[in-house]
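**Student:** Quick mapping for you: the protein sequence lines, in order, are chains Y and Z. First residue of the first sequence: 21, per my numbering; consecutive thereafter. First residue of the second sequence: -9, per my numbering; consecutive thereafter.
Note that these hints are calculated values from the structure, not bench results. Be aware that one or more of the hints could be misleading.
Chain Z stretches covered by chain Y per the calculated footprint, using a threshold of three residues with CB under 8 angstroms from any CB of chain Y [stated by the list, open to error]:
#, segment
1, 7 to 21
2, 105 to 111
3, 140 to 149
4, 187 to 201
Simulated restraints on C-beta separations [stated by the list, open to error]:
#, chain 1, residue 1, chain 2, residue 2, range
5, Y, Ser148, Z, Tyr90, 38 to 48 angstroms
6, Y, Thr178, Z, Leu119, 32 to 42 angstroms
7, Z, Ile123, Y, Ser106, 49 to 59 angstroms
8, Z, Pro86, Y, Asn98, 42 to 52 angstroms
9, Z, Leu122, Y, Asn98, 25 to 35 angstroms
10, Y, Lys85, Z, Ile96, 48 to 58 angstroms
11, Y, Thr178, Z, Ala101, 15 to 25 angstroms
12, Z, Lys24, Y, Glu22, 20 to 30 angstroms
13, Y, Asp59, Z, Thr120, 19 to 29 angstroms
14, Z, Pro86, Y, Lys76, 36 to 46 angstroms
15, Z, Ala93, Y, Lys76, 39 to 49 angstroms
In this text, a Cβ means the ideal position worked out from N, Cα and C, and glycines have one as well.
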Amino acid sequence: MEEEQLIAGLRSRDRKTIEYLYEKYSRALFAVISRIIQDKDIAEEVFHDAFVKITKNMERYDASKGRLYTWMANICRNAAIDKTRSKEFSNAGKTNSIDDYVYGMASESGTSEIVDGIGVSELLDRLSEEQRFVIECIYFKGFTHSEIAEEFDIPLGTVKSRIRAGINVLKKNLEKI
Amino acid sequence: MDIQAYISSGKLELFVLGELSEREREEVLEMAKKHPQVKKELEEIETAMFAFDNQSGPKPSSAVKAKIFETLDNEVFEEKIDKKKNTTTPVVPLQPWKTYAAAASIVALIASVLAIYFASRYYQVDSRLTALIQDQAVMAEEVDQYKVRFQEADAQLETLLAGDFDRIPMTGEGFEIQQDARVDVFWDKNKQEVWISVNNLSSIDEDKDYQLWAIGEDGPLGIGLVSAGEKLSLQQMKAVSDAGAFAITIEPKGGSESPTLENLVVIGEVA
């Protein structure tokens, strides 16, 4: 299904189109959340709320301002970050690290889905220490780039270029997963 | 502008991560429109992000899927049926005034905080001022009292200095009642004025009074009641022209016609 067609179906709140959206994007969107929130129940609760929000707010999506997936991923990421900063969460859960995450995936029979190639764990291993650090902060701990700069006393420009370099490594090696 | 440098700045990645401000987002979109290179890079990053996300995590459970569609059935699809009767929902674009609204609300917040701060300061200062005004009133009253006392003392001193007074010390040494009692009589024979100054005199029951007697040729004459409390201040008594001695006795309240001699407290002879 083309993206425009998909969006039109979503805007008219067609159930079939929403089911298609779910099939196509739920895993990626859930990954965005569960990277940041380790507890599976809490992650699913946040995912539930975020996906319902996406469906309800479809009118606000503006295709000229970026891809549908990017828009949805940002809603999920913000929902996860909001959750980690809520009062109830600080008592119940903790944020992830790359190691927790990769370990968690392996134990969740997720490994069987990685058929060929190097796998996510090895992909992340291709990052340098510095790149791995910013990717961990952004992807797994839900930091914003300016928070990383402030918290760890790294110049903003350096943070930006490390994010770019890290994503570049991921980008180049994706086809190998 | 150096397009490659722009691409390398990391801004496009932040765009995709949703971390840019509204203004910066507009700028990136503008650049993507003008430069195919930027647009291509942006698309690549978006694709990479999706691919990474899509391959790097576990699937959500089928339970959560069921729950999501249950919620959607209740909230979204229901709503859709209702809406068909009406019009479609209006499109709400991202408003540029949001930035101003945010700025305005921050200003309002700061203003409120300052207002509360200064209000509390005001009330503190106000209560301190009230306390000071009260203190000041108390002091003014005290000053008035001292002024009156001073005027009295000044007038008495004036009298003593102007007149020709004899001092007749009375003591309780010879009596059982108050051996350490000391009262001085100041007597101006010519003007017939009598003052006394209590140096030491015990307080007595409320139903009794100290009474001063002038003992002359006609016998003792009561010339007034003495206040034991007013130590070292002068008390003016009734006029006397003739006396060989002065004495104080304890009498029933209000004084007696003639002295009760068993209750003699002090006595002093005129020299």
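**Student:** Determine for every hint whether it applies to the structure shown.
**Tutor:** Against the structure, the hints come out as follows:
| no. | hint | result |
| --- | --- | --- |
| 1 | 7 to 21 | holds (count 5) |
| 2 | 105 to 111 | violated (count 0) |
| 3 | 140 to 149 | violated (count 0) |
| 4 | 187 to 201 | violated (count 0) |
| 5 | Y:Ser148 x Z:Tyr90: 38 to 48 angstroms | holds, 42 angstroms |
| 6 | Y:Thr178 x Z:Leu119: 32 to 42 angstroms | violated, 56 angstroms |
| 7 | Z:Ile123 x Y:Ser106: 49 to 59 angstroms | holds, 51 angstroms |
| 8 | Z:Pro86 x Y:Asn98: 42 to 52 angstroms | violated, 21 angstroms |
| 9 | Z:Leu122 x Y:Asn98: 25 to 35 angstroms | violated, 55 angstroms |
| 10 | Y:Lys85 x Z:Ile96: 48 to 58 angstroms | violated, 25 angstroms |
| 11 | Y:Thr178 x Z:Ala101: 15 to 25 angstroms | violated, 37 angstroms |
| 12 | Z:Lys24 x Y:Glu22: 20 to 30 angstroms | holds, 25 angstroms |
| 13 | Y:Asp59 x Z:Thr120: 19 to 29 angstroms | violated, 57 angstroms |
| 14 | Z:Pro86 x Y:Lys76: 36 to 46 angstroms | violated, 24 angstroms |
| 15 | Z:Ala93 x Y:Lys76: 39 to 49 angstroms | violated, 28 angstroms |
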